[in-house]
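K.L.:
So the protein sequences, as listed, match chains A and B.
Numbering-wise (the working numbering), the first sequence opens with residue 1 and increments by one.
Numbering-wise (the working numbering), the second sequence opens with residue 1001 and increments by one.
Check each hint, because a few of them may be wrong.
As the list claims (entries may be wrong) - To give a feel for the contact side, a few chain A residues facing chain B, derived at Cβ under 7 Å:
id, residue
1, Y167
2, L168
3, L176
4, N179
5, S373
What the hints assert, rightly or not - Which chain A residues face chain B? A few, computed with CB under 10 Å, are given here:
id, residue
6, T171
7, T172
8, S183
9, D248
10, D266
11, V563
Hints listed in this document are in silico derivations from the structure and should not be mistaken for laboratory results.
Predicted, not measured: the structure shown is a model, and the values here were computed from it.
Each residue gets a CB set at the ideal place from its N, CA and C atoms; glycine is no exception.
Residues per chain, in single letters:
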Amino acid sequence: MKAFKLLILITLIAAGNVFAGELDTYYLQQFGELPPSTAKVVEKSTLTPKIHKCGMPLRHNLKRDWKKLQSNTQSTLAKYLKTPTLASENSLLSSGGHFIIHYATTGSDKPVPAPPYTITSWAQKVADIFEEVYTYEVSYLGYSQPPNIPYDVYLQVLIDPLGQSRYLGLTTSESLSGNSATSYISIDPDFTSFFIYNPLALLKITAAHEFHHAIQYGYNYYFELWYAEATASWMEDEVYDSVNQLYDYTRDYLIKPEESLDTPADGGYSHWIFNRLLAENHGVAAIKAVWEKLGGITSTTGADIPMLPVIDNTMTSMSSSLPSEFMAFARRLYTKEWTSHTNELNLLYSRPLAIKELFSSYPVNTATTQASSIALPHYGIKYLKFLPSTTISNLTISINSTSGTQTSLLKKTAAGFSDIAENPGGTGTKYTYTVNNFNTLDPSTDEITLIAINTSTSDTETVSISTDGSTPTLTNGVCGTANGQILDVIPQDNQMCSSGAPPQLLGNYSLNWTCVGLAGGTNSNCYAQLKGTTSTTPSSSGGGGGGCFIATAAYGSYLHPQVMTLRQFRDRHLLTNAPGKAFVALYYRISPPIADFIREHEAARFMVRLLLAPLILAVSHLWITASAASILALLSFVGLRKRFAARLPAAGVTI
Amino acid sequence: MKRAIYFLALTALPTIFSCAGITASKWSPYVFDGNRFSIATSNTAAAIWVRNGHLPAASDVQPDPTATPPLPKGTGAVAGICYLQSTGGKSSAQSHFIPYANEQVTFKGKTDGVSVAITDKNGYFLNHLHKGDYELFCRGIKREFTIREGETTFVPIRGGKRMAD
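Could you build all of it, start to finish, from the sequences and the hints given here?
P.N.:
The structure is reproduced here in structure tokens:
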């Protein structure tokens, strides 16, 4: 009887493994994981593949029903719930119930927060900050919450695959249902390794940024990356207005406004400023409207959905259009007439907007040496300045352009900005502008600027210009009083150049400029340093980074943690004393051309990184370095004494 | 004797040409660059090797021509990669892909049945299918593609997306 009962039990267990329950079958099918043995064979050949069924996964529900599934099903589907694993993990639910914060209590991922936080109180702080972000982005701004609430946030060290830099945060998609994807966030455990901002500030903006990515995945998995970054970065300043890290990126756009709006070199961070224009013109809800519009679109090919048409459709529903908003954006970048966050304009314009061409000799036409035809990529901007000339009373600028372009001519005087009207063109000319009393304008303060944009999808649009007039008197460009100075703010044009054309900024991050001679006059290269930053003497290519040029060139970013270490060392230990300052000044005098070379050669970058490694190790562990140096000095001293003593004649010996 | 020579010529020539046909169908290595497959321009550790009329091979070195059998009549091959796209990075903007290794991918025919393949350590998968239209699934993401007889169709599929910073 006992044996019979045992047999029944074994049979029941075996049957349980063979016949999965309905729920198991459902999930296996949803994830496309139905075991081949249970599927129907339809292929007939020597290469017959395994047969299967497929469906869409629903990871969130899978999590919910996990315990109801059989062990075989769980082992097959476990990979779909695979999220970061932390050593001796603890977790806590945020006060509002929207987030689960996971953190390690041992190992390299264990948070070591800055005082006064303990691990537990820091994890609680993280939970509170994410709740704060949720309240702003979901409850206040009205974005839809991500599909998987409570949302998982992992605290872990995030190193990029090349092992070169540390991420602040990552948002990774999990599973897709229709257009909407679930996701999870990983953030740095404590943010103590990023020197330029305090840990709490970095936690705040990272939470605001990453949680918006989580929202974006919820609207539509097939978002275009640039707009996702542009919106998440823009959101940082909406939620936490005082941190202002996002202005570190706008300079990349301001020095290269011709860069297409949807193909930024930096991935999209710098283009957040376009969202500010939309928000100022149509309210912050305009950005949400773009995402809602995207949420209703299905990717038919599996490719990301182009965002420019989505923005255009959204603007159309607001009685505007993307082309008109883009022209407004180009104008606002130039005029600086922003209506929000106005106390941050000095940060936005920490480096001036790049002017593509500066005309000081007239006439301008195809026969003159300066470019009279400019190429514009799609949704790119170029600014062209016309310097006043005493010999031209009325300047006529003729425009001949391809169909995808638009231009505006702005006059800046002490009274402010005004538009110069467009006149119909004649033969070979599309239209003209006439600047009356051109000779009465003050070259040191007044400006005539042509703003040219391309609002087509073509990258081969052009704007050709020609002017009338004759060449003015020869004037050499001479540096102004700001040259060579350490300054609190960016100097005025007349402080940068005492004669010649207004300054032409060079380079990316350094405050170098050229005072351009007029009518064939000579140019002068000048430089200054802004407090809290570094500067350099002009280099031929105008390269340089926001700090250590060679290290920036070697590591590829002035925000790289290793570069930050060197910058911190410079600021704390070199710029605080006279010999250190002299060394820094010498370094900035000689390093730009070297940095230019390094930047262009991968092998050189590698070698310099190799050479810098011990230096960075030394400066980042100063007390160890100092101790090691002291011990070495002591040992050397003791050794020398012994050798000296050994060479002395022993007592009682006569040589 | 003349007849013998003619006979030999008639029988030998097609044999020579058919041999030439086989050797002319050489392996071509293709690699994934983060967006698409393109022919490898240098020696690469992991490539998908393609040869006319044969099942492709994922290999570090050029495969033995006899290693993969010819495609059955009425079928074509599909080769691809399932990967996680990673993009962004405030301190070091970059874009790269991380292969999903040992991942099941599912092929669903519009008029045919369903079959699966498992990705290798490089995220590559291979299969042969009857000619026609198919849907490919990897980690819940779908892509459509068409199989043509005797040809290999490359289908990279982004199984996930990761935003950095």
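K.L.:
Could you tell me which of the numbered hints above are not met by this structure, giving the numbers in increasing order?
P.N.:
The structure conflicts with hints 4, 5, although it agrees with all the remaining ones.
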